[in-house]
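Those protein sequences? They're chains V and R, same order as listed. Heads up, the first sequence is in this note's numbering, so the first residue is 116 and it goes up one at a time. Heads up, the second sequence is in this note's numbering, so the first residue is 116 and it goes up one at a time.
If you are wondering where the hints come from, they were derived from the structure by calculation, not from laboratory data. Watch out, some of these pointers could steer you wrong.
One copy or two, it doesn't matter: identical chains are merged, so the pair holds either way.
Using 30 Å as the maximum straight-line C-alpha spacing, the simulated BS3-like pairs for lysine-lysine come out as follows [claimed, not checked]:
#	residue 1	residue 2
1	161	207
2	161	259
3	315	244
4	234	315
5	259	207
6	315	259
Note that the structure is a prediction, hence the values are computed from the model and not measured.
There are 2 protein chains.
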Amino acid sequence: MTVTITAFERSPDGGQGLARDTRVRWALEEVGQPYDVRLVSFQAMKEPAHLALHPFGQIPTFEEDGLALFETGAIVLHLAQSRAGLLPDDAKARARAITWIFAALNTVEPPILELFTAKILESDMPWTKERMPLVQDRIRDRMKQLAARLGDADWLDGDFSAGDLMMVSVILRLRSSGILNEYPNLAAYVARGEARAAYKRAFAAQAAINTRA
Amino acid sequence: MTVTITAFERSPDGGQGLARDTRVRWALEEVGQPYDVRLVSFQAMKEPAHLALHPFGQIPTFEEDGLALFETGAIVLHLAQSRAGLLPDDAKARARAITWIFAALNTVEPPILELFTAKILESDMPWTKERMPLVQDRIRDRMKQLAARLGDADWLDGDFSAGDLMMVSVILRLRSSGILNEYPNLAAYVARGEARAAYKRAFAAQAAINTRA
């Protein structure tokens with residue numbers, strides 16, 4: 116059965132892998148699921164055909180055999196629950212791994228989204244320079260707690276899981292701010308994620324689209 | 116098997132049901148699962164015993180038969196997948212319902228969290244009054260899209276599901292700002308959620324703790 120996802124026709128990050136389709140591509144690669152990509156322009160994302168797939172007018176979406184999903188977390192969870200490779204077999208360990216998907220998206224990512232809001236949507240506002248340290252310190256609060264939990268383990272709970280895929284994807288966006296490298300064990304954790312063959316294939320696939328002439 | 120959750124010893128909202136244990140209580144009530152509550156103080160939440168359960172030092176947590184989970188979304192999903200009552204039987208419909216859990220937590224809630232950050236953590240900052248309309252308009256962008264998708268349906272995708280439980284829980288926090296009532300179909304949607312017997316029991320249980328002398 117063919118899987119089709121959507122991605123930016125041209126990602127605002129120019130191919131750095133920060134757009135959310137990279138997270139879904141990574142999950143698809145980890146479970147060995149081939150996929151097609153339909154590119155959508157910023158204009159098309161706000162039109163009825165795309166809004167029928169994604170009510171918030173974003174990417175990525177996921178289509179397979181009459182099932183249409185949106186939300187990166189839901190797509191990654193669906194792939195992890197319907198294929199082998201991203202969750203442990205033991206039921207309790209599976210539930211714990213899924214907890215980390217939610218922790219990445221609902222506890223760690225919100226303050227990081229605030230940073231991007233400040234940098235992109237409020238970049239020319241008079242308060243942004245003075246406000247930025249507050250925004251960054253709220254991210255550091257979370258990173259400190261995450262670093263304490265990870266300790267010197269390779270992954271958050273046993274083997275690599277969909278929870279790690281999501282957490283690495285969320286915190287790697289902090290590299291350019293310098294905040295990721297303030298936490299050496301988290302920087303190493305991200306590097307372990309990026310070193311996985313599946314991540315490399317996902318990254319290369321989105322880069323090929325976003326750096327084409 | 117006994118289920119034990121944690122909640123604030125005294126919620127900052129004084130029993131309005133906005134603390135996240137209400138979401139888990141609601142799910143427990145919907146699936147008919149009795150539960151115990153262990154109350155934790157703000158000080159205890161930052162101590163090693165609680166951090167072992169919840170690495171970010173928050174509530175709620177969930178414990179049952181040697182399984183310990185944190186993150187409201189993960190707990191609600193675990194309850195929905197392990198008991199009847201919060202997800203449809205059809206596999207595709209289940210995946211779509213789960214999508215709405217993630218949409219609530221990762222697309223709709225982040226701009227709402229920004230509002231609370233502005234109101235609580237930055238209330239006395241010189242920029243907050245001027246910045247507030249921007250924060251509120253980013254919420255309206257999402258509410259408008261959500262209202263368009265819901266239309267005149269009772270719930271987001273067929274029968275009431277864990278996705279509706281989470282979306283109602285996320286947007287009811289906007290009532291005090293006035294923004295919820297700008298979208299009559301969403302205000303009615305929240306009211307339908309609050310009218311459910313399970314919600315009423317959950318609300319009453321947290322109110323009893325937070326309004327005790």
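* Asked: Quick one: residue 315 to residue 244, C-alpha cut-off 30 Å, is that within a copy, between copies, both, or neither?
  -> For residue 315 and residue 244, neither the intra-copy (35 Å) nor the inter-copy (45 Å) Cα distance is at most 30 Å.
* Indicate which option fits the pair residue 315, residue 259 if close means a Cα-Cα distance not exceeding 30 Å: within, between, both or neither. => Answer is within: at 27 Å inside a copy they meet the 30 Å cutoff, but 38 Å across does not.
* When no copy is specified for residue 259 and residue 207, does a C-alpha distance of 30 Å or less occur within a copy, between copies, both, or neither? -> Within one copy only: 26 Å inside, 39 Å across.
* Between copies, within a copy, both or neither: which fits residue 161 and residue 259 at Cα up to 30 Å? -> between (38 Å within a copy, 13 Å between copies)
* How would you label the pair residue 234, residue 315 (within, between, both, or neither) given a Cα cut-off of 30 Å? -> For residue 234 and residue 315, the Cα distance is within 30 Å only inside one copy (28 Å; across copies 42 Å).
* To do: Classify it for me, residue 161 with residue 207: is the Cα-Cα distance of at most 30 Å met within a copy, between copies, both or neither?
  => between (40 Å within a copy, 25 Å between copies)
The structure is inconsistent with hint 3 alone, although it conforms to all the rest.
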